[in-house]
Structures are given as structure tokens and as C-alpha cells.
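Engineer: One line per chain: the protein sequences are E and C, in this order.
So for the first sequence, UniProt numbering puts the first residue at 1; every next one is plus one.
So for the second sequence, UniProt numbering puts the first residue at 1; every next one is plus one.
Treat the hints as calculated values from the structure; they're not laboratory data.
Possibly wrong hints are sitting among the right ones.
Identical copies go unnamed one by one, so any copy, or any two together, can satisfy a pair.
[To be verified] Only pairs whose alpha carbons sit at most 27 Å apart, straight line, appear in this in silico BS3-like list of lysine-lysine:
1) Lys775 <-> Lys838
2) Lys224 <-> Lys674
3) Lys302 <-> Lys532
4) Lys28 <-> Lys282
5) Lys28 <-> Lys326
6) Lys467 <-> Lys224
7) Lys467 <-> Lys849
8) Lys432 <-> Lys849
9) Lys624 <-> Lys775
10) Lys467 <-> Lys775
There are 2 protein chains.
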Amino acid sequence: MLNVHLLPHTHNDVGWVKTVDQYYYGGKHSVGVAPDTHPGPPTPSEPWTAEWRQCLAWAPVWRRVRLALLVPECPTLVSTVRNELHHGAVQYILDSVISALRAEPSRRFVYVEMAFFSRWWHQQTNATQQTGSERLSPLIPFANGGWVMNDEAATHYGAIVDQMTLGLRFLRDTFGDDGRPRVAWHIDPFGHSREQASLFAQMGFDGIFLGRVDYQDKELRKIKRELELVWRASASLQPPTADLFTGVLPNVYDPPRYLCWDRLCDDKPVVDNPNSPEHSSKELVDYFLNLATTQHRSYRTKHTVMTMGGDFYYENADMWFKNLDKLIRLVNAQQQAKGSRVHVLYSTPACYLWELNKANLTWTTSSHTPMAPTSSGPATSPAGRPSSAMSASTRSLNLCTAPQVCKQLEALAGPAANVGPYGSGDSAPLDKAMAVLQNHQAVSGTSSQQVVDDYARQLAAGWRPCKVLLSNALARLSGSQEAFSICPELNISVCPLSQTSARFQVAIYNPLARKVDRMVRLPVSAGAFLVKDPSGHAVPSDVLLLPQPEGQKPSPELLFSASVPALGFSIYSVAVVSQQKHQGHFPRCIPQKPRPGVIIRNKYIQATFNPKTGFLMQIEDLEKQLVLPVSQSFFWYDASTPHIQDHQLSEAYILSTDGMQLPVNSSAQIHLLKTPLVQEVHQNFSAWCSQVVRLYRGQCHLELEWTVGPIPEDQWRGTTIQSTLEFTSRYPPSPRASPGTEWGVPLTGGISQVLGAGTGSPPHPHTHPAPQDGKKQLTVLTDRSQGGSSLQDGSLELMVHCRLLLDDNRGLGEPLLEEGSGSWVRGRHLVLLDAVGKVAAGHRLLAEKEALSPQVVLAPGGGTPQQPGHARRTQFSGLRRELPPSVHLLTLARWGPDKLLLRLEHQFARGEDSGCNLSSPVTLNLQNLFSTFTITHLQETTLAANQPRASTSRLKWTPDTGPVPTPKVPPLDLATITLQPMEIRTFVASVQWKEDAWTPRDAPLQA
Amino acid sequence: MLNVHLLPHTHNDVGWVKTVDQYYYGGKHSVGVAPDTHPGPPTPSEPWTAEWRQCLAWAPVWRRVRLALLVPECPTLVSTVRNELHHGAVQYILDSVISALRAEPSRRFVYVEMAFFSRWWHQQTNATQQTGSERLSPLIPFANGGWVMNDEAATHYGAIVDQMTLGLRFLRDTFGDDGRPRVAWHIDPFGHSREQASLFAQMGFDGIFLGRVDYQDKELRKIKRELELVWRASASLQPPTADLFTGVLPNVYDPPRYLCWDRLCDDKPVVDNPNSPEHSSKELVDYFLNLATTQHRSYRTKHTVMTMGGDFYYENADMWFKNLDKLIRLVNAQQQAKGSRVHVLYSTPACYLWELNKANLTWTTSSHTPMAPTSSGPATSPAGRPSSAMSASTRSLNLCTAPQVCKQLEALAGPAANVGPYGSGDSAPLDKAMAVLQNHQAVSGTSSQQVVDDYARQLAAGWRPCKVLLSNALARLSGSQEAFSICPELNISVCPLSQTSARFQVAIYNPLARKVDRMVRLPVSAGAFLVKDPSGHAVPSDVLLLPQPEGQKPSPELLFSASVPALGFSIYSVAVVSQQKHQGHFPRCIPQKPRPGVIIRNKYIQATFNPKTGFLMQIEDLEKQLVLPVSQSFFWYDASTPHIQDHQLSEAYILSTDGMQLPVNSSAQIHLLKTPLVQEVHQNFSAWCSQVVRLYRGQCHLELEWTVGPIPEDQWRGTTIQSTLEFTSRYPPSPRASPGTEWGVPLTGGISQVLGAGTGSPPHPHTHPAPQDGKKQLTVLTDRSQGGSSLQDGSLELMVHCRLLLDDNRGLGEPLLEEGSGSWVRGRHLVLLDAVGKVAAGHRLLAEKEALSPQVVLAPGGGTPQQPGHARRTQFSGLRRELPPSVHLLTLARWGPDKLLLRLEHQFARGEDSGCNLSSPVTLNLQNLFSTFTITHLQETTLAANQPRASTSRLKWTPDTGPVPTPKVPPLDLATITLQPMEIRTFVASVQWKEDAWTPRDAPLQA
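Please put together the full structure from these sequences, using the hints given.
Structural biologist: Next up, the structure:
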């Protein structure tokens, strides 16, 4: 007997072609002609635009290259759906589904996205909520349950954990443990990373179902009946901690052909009246029986599953359920009357998984990244190219560090952060906006321009109460009320306060659990400045005059090195010493003719430039005496002009590289700038492509700050600009320069892949380990998610910009013009050189610093003390002692009126750092660790904090590598919290804030 | 204070672009490519096709010319809706609406079409039905309540009454008197006849709401605030019997612009969350207030109405009601908070009408046909052309007399008709199929070809149990069991039994309440025949050899005159006397060179033909010595080629006559045929256009039997073939022959218009009274609904065929190719000449005979007697005495196990027949009237038989012609039933069938 589990579901993108609100309410995507009395389009110059424009320009991860997996079997599906999709209206979907479920108790439905469900829930009446919370959870077995269905490649793992926590918390608060999803449901993300699987396992999920996998991989798995397997997602964590049962769905997440009863489909209804000319049930039942039997051949148990849903389906659930009811009745009647061997039922992912588990089979185990995306079909990627040759680096936006800073300060300052002299502050709106951004159509860069704009609006709206919170908290912790000012455009040297004031304060907040030293760089008016540290001592500073386009005034930048304690802040004061008078002595950029000997260096690193081309030529680690010849330059692809028949256009989902690759320039004009604090080579490749290669004093890495755009009209044909690093020692003849040569960059997603494939380390997705040259290894850290590849040994390409004129016909429906704020991009690549085996200590800690770089807050100074008579505190640490370098404070956030959420992470993998012993287990004492509160009680939970760890019980599977024992939960002692390599431990801490926490005690006072 | 009544509703065409079943289930219109395992398209050669093909060809009323009223304000509406409309799925609409109504008790919804609702109702569970029947009727105030929303022009009034009776009976049986619609709702028919209004008044409706009226008329009424009025729909019936309050809806039946929340619309949802970027409620409320105030200016009371629905809207009712709920709340909050003067509410047509009635105003009264359609806009009809110049003749299919014969025999033979030797017989399926045909998109000819085919299928399916019933009843009433055979293709001289048998029986059933004499014409094999009447006496007969195309054998036809008693049958026997031997003596067609003296004549009429052209030249009434010169020929319009800029193409909804009009030929070849029983002139205009002008012995009218088609490819450009009659005495220079001259034939519908406008007579829509020439009047009776016009005094045009290549873009979406069975058409025009004032007696009685012509049933003879020893009865009458000529037996049908429905109609208008006194009131005695049953009790009801006449109470209105007294219900006495001119009285009779009814007693016996 074959049991067919029907899974009615809807897939609701939290923003894609339409915005989140448009999808929720069913608003229009396109702006039509509106009458005078009718609401028109939103005015283009919303206040948020200016403030966040640069922040977004700074984060061009959106709409950067991703390779989507699309289903070769249904080439027309997406384009068919596309025109109709614009209606998608989640409010009606949920109304309709709930009503249909209540009408007939045997029906089931899978719902996933809490960003939508929670909104709908809060709009229901109390009565509906009360009856609903009792009855809904068994009917809607929520799957996944995150705020969104996150992307797995462009996201930061911390943001994944946060967004899952947000969604699962809503479910727990609303439906109790009954509402807890047992199964993860990542049916649409364009490839699947091992780290995501590891996180889901640590969240307590019993298994995951996937939609999109490589089409060749899937065919092979079908034959081998390995579409269902156990994924061993970590080499560090003790199995089965990171083992996750994984099922690949038979038809992505679509219904079988001819069995789609949605307004978005056009299939025949089930008509069982034999007298009707529309009578269809006999043929449909025959078809279904045949289909089920065929599908069953690719799976191992006597159960098989059919996904009965799709993008924004079930706006009229009655259509679906009415036809499914009939189909079920008719198929099962066939079984009873004519002895067919097929039984069909409404089911849930968890129920299907339960049946798989009961089958008691031994399952294939994979410890690699089996579900990495490569390609949707032969047209978009050459067959046979080894997937190990591909790499992708991606990172969540983790925008401007702000969300973590906001949550930490809310935890450290307690209720005073929420209600204070600046008004009502709240970290939740930004947290939600950030969660929305993790959606697989958001951070991945595959949403439409208006949706990108709306994400910016959401961030801006979330940032407002966050800024209030930040000011309240700083006032509380520093004991002084100031006119705090945050400059979101600091990265492009715009900051009104520092540029117009003769004296000002710079508060620098460090969200890491260790002290950091950081170069602070601020645009200023011309002049000489005196910078004092929190103790009032002068610190060295430079004013740089940077090269500007012809005719523009030089723009001075003040540079000084700041030191900030763990989880705390330092306040530096800046004052003009003498306006204009020292101008002659300021370091200026000196144009350099290419000649031997253009070199920048500090104590650790020396970079040499090619005298002919002006390109980087060699990097040398002076301490370790490592030398690596390397060339770096910019290329562009003609990526959307169809040179070739049946050419697949590049766009949001597809990177097609069968166009030509050409250098932006064969040489760069260079300027040289040297000061005691920094040495810079400014490279000018073209009017719209430049780069600063920089060495700060005391830094162990080389910084490449590139600026690309706007790409001019005449080169608009469809360009993908890449920055490439190639090692001369292995310089191969580049096949890319030959016009018409096909080569693919199937950028695999998967945050764990970058370093994870070999080491199983936690994801630091902005590190690009370049191929190792004997005993040396070059590592490139990016400051955001970027497409990348290493198709030839010794070469690495990173995508920095693209502008494409044509849609790729994969559903988005608009080209990637990147006009306006997206037209130019500035980013940084940090390059480290080290001996093999010693790289981890360097790049992991550097990556941590980059991901959670300090938040700079300015103030004019002279604020009033909060408590008369008390002096202002100019330096503060939330920790009484720093955490060891292997431990990352992943989360410190409010969890309730007197509760905090705390996540501690061992950020090194097993065996990763042999030299400094950073891969060893580490034990912490949480007693008296924090300076502003006392932990009165600690409960350990699963990773998403929605169930106590002690009571967690996952389904047990037998891998083909042999049975694994159930891991024991270590006893919880506040004084001895041990972290194994790669382990993240999550705690809900009951706390008591110390009322005297802000009273200056051991911190230096400023006059 | 202004009250805005929102009327949520859906308009569900009972067949249009899709078939009835496709609309009900939501099936597809277009036939897609189906996989092997999937149901494919229906096989084209369904058994019904052959049988009904000729029947449909005989009834080319379908898809004949109609002029639609479309809304000039919304030119894009129809075409927008069109592409989406194909989904329309009534099963989901009703599920969805009922669910939405139950969720929120303040909501209301109007439902109309019982063909759909009853089907849905029968598919509900008993539990749903039980709770539903208590609760639904207050929520869904059914409007109209007919089986369909019938056409008002192409329908026969008897068929209208039948279909309304069917629908209203379902409502009464299901919901009791609570379910009775108070308001008629004809929002889509393409023009409105006075007779329809009269019928609705007599059915007890309190008022009617209309959607489509002439755009100029509407503008005028807006200014004069006469969109609401009292329609005095009969000049014969005592007011207010036929007075009907009539309201013209403000926006046809569509929602106001920007306020449509259906999947078929694209309007913004109401979003009242001010923080959402989709926030729209403020603008929408402002817009709504402005709209309501503006609209109100065209109406007289402090109430106004908005139709919130459309074609197949509300498939997802939640979308509508959720947004309407919000709109109502917000608008009314505005009223309370800011003192706006607009109050909005969910309402019903009856509730709105009730408020109009309570306003206690004096209303404009119209006794003309104020809602006759003329045009949708200036493009389709020249402005200023007097509407009195237009006429249209239309008639329901009333297909092959069969439905009435079937119902009468079911009533006369009693239960023996239903269960008998031939199986189970039933009149209901054909009754329902006929009701479906009355739909305004069906009989009007505006449905798609596949829908026309499906209507044929429904008729065929209905005809099967009807044939069984007919055989059972004939066996019962004749006392003999025969192999009865009905030849549906008799009209094209195909009948296997008569063509192959040497002897056979001809049973002729007469559904009229008076004896008829009828020429019977049967195709036979060659030979001489002896025909005997029911008494066994030989009657005169001819065998005609009719002209055939070159190379085909002559096709002999047997002709004899039969006499059939009232509501009964006569059985004639036919036997070959001698095969072939008399062939030389048979009358043959003799080709005639045009020469003076081609004349046909009988005792009453003489027709003379033009010696040059072969066209009819003169008609003479020999008895009355009336002579009328007349010319008749065929013309064609180039109707769909755009000669002119912005040309409106002709098609299903539009007749555009700005193309050229050209004669099919300037002369006709003629053949002459004369026998004792008939004289015929066969005119051949072209290979595809011919006509027989015929005079039977003893007939007072001339018969023109025309045959047109298939229209050959090379003249395919888009042709509308007209038969025109022009009186030479007034022959004007025809403006139509000038190319490019614009002239319009805005064919007004309105069954009562043809004769009704002047006389208020009951509708006999197949009579065409031509303009009167002094004291003479020529009348043309058509055998089906046809487009017609009399644009010039003395001329009359009737459309006989059209074939159009392009769609008119009014929603149907396909051209009028009329391939297959519709490619050729044969029809008859009966021409009467009489003195003015004496026409009515002639054409009304002739029309009655044509509408209910006898049903011919053949049998081989030699059947077994039903009761051994009893002889067969060869003649039978259901009436013991004939009814007087002014009384028409409109309905005799089963109404329950021992009940019959009886409708008696006075078929002359007041003062119509001064000569013979046929317009006088007439009194009948129903006691012992029927021969097979006794009436034991009689209850009079309203016209649709859904409420007792005595308890009927309609709203009272004050017309501006002065108050009218409430008419008294006459006491009911079986022996003295008096009918006033034009009156129809409806009775439910309890009856007892006589067991000995079939025993031969006073009928002649045959050996």
C-alpha cells in the first residue's frame, strides 16, 4: 500500500516583486494613473530616503549575483505565474484558509512565514484569537516558523538565528508548545548550506524539506533513491547534534501538473457528476494513481508526498480544498472498490516525517554540502564542472552594526533605555525589519527596485526608535544628556556635525566582548585638531586631504586610533587647534608616475605596485617573512547581450558568463599618501572605477577600498564588474578573454561553504580563503555578501557591481538597472597573508571585528549631567572581564521585563587553530560577568530559545555510518559554562539591573 | 442625510463564453493540450449532434443580430474583464459568499440565477441545507429568482413565464415565502420591453432595477431626475395590474470606479493602518463621499444605491466584504466624528425600494417603452434617428413545439406518461433546458460556438425523457403500443421511416385549444400513395417532385391536409398504392422564363411575379379585393470590414451598417409548381440563396420559405443577408446603396414593441406589421426571432443570415463564423394582407398556430393494443369543447402528484379587433372541460404561480397620472372564469385522472 501525503501550503514571499505590505493587503505593484481624489503613488522623496540612501549604497549585496535553481521540468511555470502573482494578498489567504479548515476538520494546511501570520493574527478579534489559539495549531501545523524563509547564502548566521527566534517566539507566545514547528521548510531558497542545516538541527527541528536542488544532483538521487538522507552538518559538533534529516520534495514545492486548483492555475476542476460535460474525475483519478506510483519509485518508504500549493496560492482556499476533498474521496473509493494500492490523505510535513521515521530504515549520511545549488539546467552552467571549484562569499547586511548595538544597550541599560530623556526607545522594530531583510528574495538581491526601496523604508522606521534607545542608554550609562548625532553617511565622508563644529565629542560603542582598537575617520572642516582620549590625554591624529575630482575642494578627514573596552564605549573629544594654519603640513596625495618602488608598508605588511600598470604586484608579511606575488584589477562582463543562440540572460537569478570578459583598464593612475597613521595608494582605473589600497598603522591586513559606478550609458549593455586577484606564480592563460568562450560561475550559496567545507567551522561568510600557495595562504575578507569564484587555481574573482538591461524571465520581471542610490558602490576587501594552519586565528577575529564594527555616535559636548553633582562617565564596559578570543557574544538582548537572552559561541572549529590553541574547549564563569545586572537564574534553551534544552527530544534516525548515542545535556552551572568548538549555547537569564550601574566608579572621568 | 445602499451581488450568465457547466465548476473555455492520462476535449461527434443539428439550423435565432447596450463611460471594462472571465466558477462564488455572510451578520448579498443556485443547493449536505434554509433567505435576498435572467427581445413570453415559474418555484419549495424575491433585477439584458415589465408586474414584483438603457436617454433622465419612474406596461390591463416601479441603476451593474475588490479588478485595498505605506483609507473615504454626493444629484430621494459586483464576481467574497466592512466603518465614523452627511450601509434591492416607497413621492409614469435599447454610444448609431422608425422582431426558439407538447401530454395522460411501456418519461429536463435557453446570452445569440453546442446538448438530453413520455402518453391515449418515431429533420425533408416504408401511420398532435387544419408534408420514396383519415376515409394527397441541384435525384414529398382536434391527435395512415408507376403524372417543377403572367393563386390570395426580375411584384386579396404592389429580394451588407475610420465592427452585440448594402442578385431564376393542394414559385437568387413562394389550398396567407447559406468563402468578408420587402407605391431612393453612407439599424429588442407599442397587445413577436398603405396593411409573420427594421416608410428588412469574421470586442471574444450546422438557414415568412382594423384576427390566430404548430409522430403501424380486445383510438381531444378564439391555453402542465398548472390567456388587446368582437371579455366554464381528468379544486395564483393571488400585496406607488385604486380580486368560480383583454390567469388545479380516459368511446375507430 502506498500512502500519498497531500500537503496544502502557500508560499508567501516577505517581499519580492511587491512589498511586504502590498503582499499582505493585496495592493498593486505597478503605479497606475490615479484620479485626483484617489490615492496616488507615494512621493519619491520620503524622509527615509536621504538618511538611508548611503547605507543601502553601502550594502549592494542586494541584487548582487546569485545563481538560482529553477526547475528544468517546468520552464513555463515561473513566467506563467508572474503576471498573475501581482495580486497575492496574504490577508485573504489566511482568512480563506482558516475558514476552510474550520469547515472540514480533516483538512490540513502548512503555514510558514510569521512576518505575515503574526500581522494577520493581531488583526483578528479577541474572540477569533481565543478560539483560534486552541484550535488552529493542530489544523495549521506551522512549518519552519521563522519570521521569514531566510536566504541561506547572503545571510549572516547571526541574523538567521535572530529571525528564526523572532518567528518561533511569536508561535510559542501565541499557541504554546503546540504551535512549535517540528519541521524546517526551505522550499524556495536558491540552494542550501550545511551551516543552515546545522542551525536548524540546533533549533530542535526533526528534519527539513527542500525544494530547489541542482537538477543533475536530483536526477542522480532519484535513481539512487537518495532524495531522503541524514545530513551531518558539522564536523565539530558531536553527532547527532548537527545531524538533520533532509528530504528533497518531488516537484520543488509545486502541485503535480494538472492538479492545481488555484486562481493562479488553469487546471480542470474535479467534476464527479458523470452527466456533466465537464466530468473529469475518472481521468483525474487514473492520472493521479499513475503519478503516485511513478513518483514512489524515487523514494524508499511506502509513503510519498505531494506539495499542493505555490507562490501566494490559497487566496481562495475553497477552490483547493473542495477539489482535494473530492480527489481524496474518489481515489480512496477506488482503493476500496477496485483494490488499487494507493491511499491518499491530507497530511503535514511532520506527519510525513513521522512515517519516514517509523519506517526504521538506515539512511544515507552526507557530511558534505549535498544540496549546494549549481544550476537549473544545462543552459545556465556547463555540465561536469567540479563544484569544489566554485565558491561564494556572502554575508548578511547586518546593517551598520546598529541592530546588535541597539539590543545590547537595551539589555545593558535596562528599562532606562526604553523610556528616557529622548522619548520611547525600542529595539523591536529594527529587529523585525532586519528579520524581514533575511527573506530569500530580500538580502539575496532578487526583489524589485520598489521593494528594495521599501526595505530601506522599513529599516529607517526601525532605526528611529533604535536611535532613541541608543541615546537614552548612552545618557544613562554616561550620566550625561547630550544631543547625540549618528551619521549614516560616514562611509562616504559626510557628517554635518563633525564637518561644521570646532569641537565635538565622539562616543564609540564596541559590541564585541573584547576590547578593540579602531581607526576612526571623520570628515572635518579644514584645520588642525586636538583629539583627547577618555582620560583626557591627547592621542596622535592626522588630517588627510583626499584626492577629489577636478575643480572640487579637497575634503579633509580626521584620523585617529581609538581604543574601546568590551561591550562598552569610549568618549573622545575633538577640538580645532587652529583653523587653516597648519594646512601646508597636512599630508596630501601625491600623484605617482608608475615607477619601481611604489610601496606602502607598516610594521607587519608591505605592498608593492607594478611600475607599468599601477596594479598591486606583491604582498609581503614582514614579521613572518612571507612573500606572495599577486595581481589585482577590475574586469567587466558583457552579461546580458545575447551573443549566442538560446543565450540565458543574466539577471537577479542567473549569472551567465558566456559574454566577453574585458579589463576596465590595462593600467591605473595612482596617487600616494603617507602619514604616520596610514599609507594609501589611490588607484584610478576609469572615471567610474577607483580603489584605495591602504595600510593603517598597526594593522596586520591590507585594505582595498573600491568604488565603482555609476556605470556610464555607453557601457550599459549589461555589465558585471569583478575585482580579480590572480597569483602570478600560477598565472594561467585566462580563457575568459576569448570572446564566445563559455564558462560558468555557478556561485554556490551556503554560508558554511566558504571555510566550512573542509573545516566545519562556524560561518564567517565574508572570508575568502584563496587557494593556498604551498605554505602560504591569502585570505580575502569582504565587508558584505558578494558573488565570487575561483575557477582557475590561483585566481579569485569577486563581483562588485552589475547593471543589467534585461530581465532573466525568472519571475522578477524587471532588469537590474540600479539607478539612483544603487548606481555606485563602495566596499572593502581585507587581505591577509599567513602561513597555512595559522590563518584561522587571523581571519576569524578580524571577521568578527568587521561584522560587529564599533558604532560611532557624535555629540557637540557640554551636555547636562543626569544626576547633578555626578561627573560624566567617558568610558564604560558592560563586562567586568573580557571573554577569551575563541568566544563570541552572539546575542545579548532583552527577552522580557526582567529577562535577557544570551548566546555564547565558540567561534573556532575543531582543529582549526593548532598554533594558538583557539580550537580548544573553553569554560566561562558568568557570575558577576556583567557590570549593569546580576543574573539571578539561568535556563538553557535550544538555539532559537523556544524550548528548554533539557526537555528537547528530536526524532532519532539511523545513519549509514552507524548509530549515534543521544548526547547528554551538560549540567548547568553559572560558574562553569563550557563551550565545545563550534558550539553555540543559548540561555534565558533572569536578571536584576543594578540601580547604581551608571554611577562612575572605576571609569576615568573627564573634566 | 444621504443614505448609500451598497448592493453586493454577482452576475452569473447561464452560459456565455463558457458553458453552463464550465461556469458552474470553473472549467476552462479553451481546449488545451492534454496529456495522455488527462481528460481531453470532448469528442466532436457526440450522439446529440446529429439529431439536433437540423433543429438548431432551423433556429438560427441564436447569434442573430442584436444590438447591445454597452456603457460608453467604461469602454475598457468589458475587454478587461474578458480575459479573466474565463475562470468564473459559481460553485466557489456561492461557497464563498455564504461563508462570508455567516461570518458577519450585517452583510447582505443579492443572488439571482436559480439555474446555478439550485444546483449548488442540491450539492450541499442535509445539515447545511437545514441550517441554510432557515438562515439564508434573510441574508441572501434573492432578486428576480428566475431560472435565468432572460433576454427580453428574442424570447417568447410563454418561455419567459415558464423559466420564471421554474426558478421561483425552487425558491418557494426551498425557503418558503421568505425566499420570494420582491424585486426584479434585469441588469444585463440588452434593452427592456414593456411586455417584460407587464409580466413582472403580474408576477407580483414590487419593482424592477435595470442596468442597460440608451446612453442618451439615460443622460436626459439624469438631468430630469427620472431614472426612477412608474412604468405602465399595459394599455389593456386595469392599472396598477401592469404598473411596475422601475429604477435605472447609476453604473449599469458595476461597482463605482476604484471601489472594486474582486480578483477580476485591480483596485487598491482599503488599508486603514496609517503606518503602512499602502495606507489608502483616507483618500478612499474622501473619494466615496464625493462620489455619493455627485450620484445623489441624479436621484430624488435621500437614498442612493451602489451596485458592488459584476460578472462572476465574488469568487472570493472575503476580499469584497473585508474591504466593504472597512469602508462602511470609516465612512460612518466620518459622519459621527466630522459631521459628514453620508451614511452607508449594506442593503438589498428590496430594502432600497422600500425606502423609495416610504419617500411617498409622486412618480413620473411612462406608458411607452422607455427602456428600449437603441445604442451604446454615438459610434454605433446615428444620433437623432427617431426610435419609432426602428422595429425588431424576435421570438423564442420554443423549439419544435416539443416542450409544450410534452408538458400537455404529461398533464393529459397523468402518471401513465411518466412510467409506461417505453420507460421513464419526464418533461422536467426539457423544461429546464428550455429555461436555460432563455438566458440573455443564449437565445439572444451572443454566446460562443461551444456554448451553442452545449445548449444543443442540453436540449438533446432533455428531449430524450420527453420522447419517452410522448410515446408513453400516445400509447395510453391511443390504446396501442407502437414504434413511435419523431423526425427532427423533417423541415429539411429527411425522415427515414417515411422515406423507406411502404405503409406507415402519421400521428399529429395539436397543442392548441382549437381544432387545426394543417398541410402535412413528408419525404417519401417514389410512388403513388393512399392517405386515410382517422375514420379510414381517403383524403386528397399529392406527391411533389422538388427541384434538386444538378445530378441529384428528385426528392418526392407527400402532401396532404390533416385535421386535428383541440389538445389532441389524429392518426392518419399512409400506404404506397403503386411503386413508380404514376411517376409520369406527378407534378414537377417547370422552369419558367420570366414572362408576364407568372402567377400563383388560391381561393383567397394571388401573387404576381415581375417578368424581368422574377421577384414578387404584387399581392392581391381576392375576397376583399385588396391589391398591394410589393417587391421582395435579398441584399447583403459588408458588415465587418472597416471602410471607415473608427469603424465599429458588427458582431454578436453590434450591428453596424456603415458598410455597403448590395443585392445578392438583380434577378432570380424561377421554377413553377402547381398541384391541387399547392402552388409554388421556386426562386433561385444564387447558388446559396433561394426561396419558395407558396400558396396552399385554403390558406389566407402567402408563405415565403427562404434558404440561405453556406455563404461562400469569397463573399466571406462579413455578411449580413437581409430579405427586404419594399412597396413600390412608396419606393424611395435607397440611401443604403451609396458606399460609405452611415446609417444605423439600432434594432430595438422588446417583445411587446412589435405590435405592442400602439396596441398593448400580448406579445406575438413573430408578427411584422409593415407600414400601412392607406387602408391596407401588410403583415409578415416570421417563424423565429429575427432582426428587422423599417427605416423608410414602405420598406421592411429582415435579417436572415450573417457570417462575420471579426469579434466586436464586446466580451464574446470570437467571431460569428457559423460554420458547420449553422452555415445554412431555412426559414419562413408568412405574409398577410388585410384591411386596417381587421389585421389582428388574422395574424394573432395564425401566429398562435405557428408558435404551437402540431407535433408529427410517425409509426410503422401494426402495434399491439394496450388492452386486449380494445381497438386503437385514432383521434383524441383533451378538451370536451374548444375554447373560443380569443382564449389561448398558455400552460397545461403537471404541478405535483395530483395537481396541474393551468394558464388561460385572452390573446387580444382592448379594442384591437373591432370587427369580430375578439377583443371583448370572455367567460369560460372549466367544469368538465378536460376529457381525461376532473378538476376537484382550483386556486388562482400570480403569474409565476408562487403565491396565491388573493394574498398578493404589492407596494403602492403614486403615479403622476393620478392615484389608482387597488384592483379587486374577482371571486373564483370554476364555471365562470372571465378573462379581460390581455389578461392571463394562472391556476393550480387539483385533479383526478379518469381511469377510463383512454377507452375509446366517442372517437372514430380504425380497422
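Engineer: Now, for every hint given, state plainly whether the structure supports it.
Structural biologist: Hint check:
Taking the closest pair of Cα atoms, Lys775 and Lys838 come within 27 Å of each other only inside a single copy of the chain (10 Å); across copies the shortest separation is 121 Å, beyond that limit. In this homomeric assembly, Lys224 and Lys674 never come within 27 Å of each other (Cα to Cα): the closest approach is 62 Å inside a single copy and 89 Å across copies. Proximity of Lys302 and Lys532 under a CA criterion of 27 Å is satisfied in neither setting, with 74 Å inside one chain copy and 78 Å between copies. In this assembly of identical chains, the alpha carbons of Lys28 and Lys282 lie at most 27 Å apart only when taken from different copies (17 Å versus 40 Å within one copy).
Only between protomers do Lys28 and Lys326 lie at most 27 Å apart by alpha-carbon distance; the minimum there is 19 Å, versus 34 Å within a single protomer. Taking the shortest Cα distances, Lys467 and Lys224 never come within 27 Å of each other, neither inside one copy (55 Å) nor across copies (63 Å). Taking the shortest Cα distances, Lys467 and Lys849 sit within 27 Å of each other inside one copy (22 Å), while across copies they are farther apart (91 Å). Taking the shortest alpha-carbon separations for Lys432 and Lys849, only the intra-copy value of 24 Å comes in at or below 27 Å, while the best inter-copy value is 80 Å.
Taking the shortest Cα distances, Lys624 and Lys775 sit within 27 Å of each other inside one copy (12 Å), while across copies they are farther apart (127 Å). With identical chains, the CA atoms of Lys467 and Lys775 are never at most 27 Å apart, being 47 Å at best within one copy and 98 Å at best between copies.
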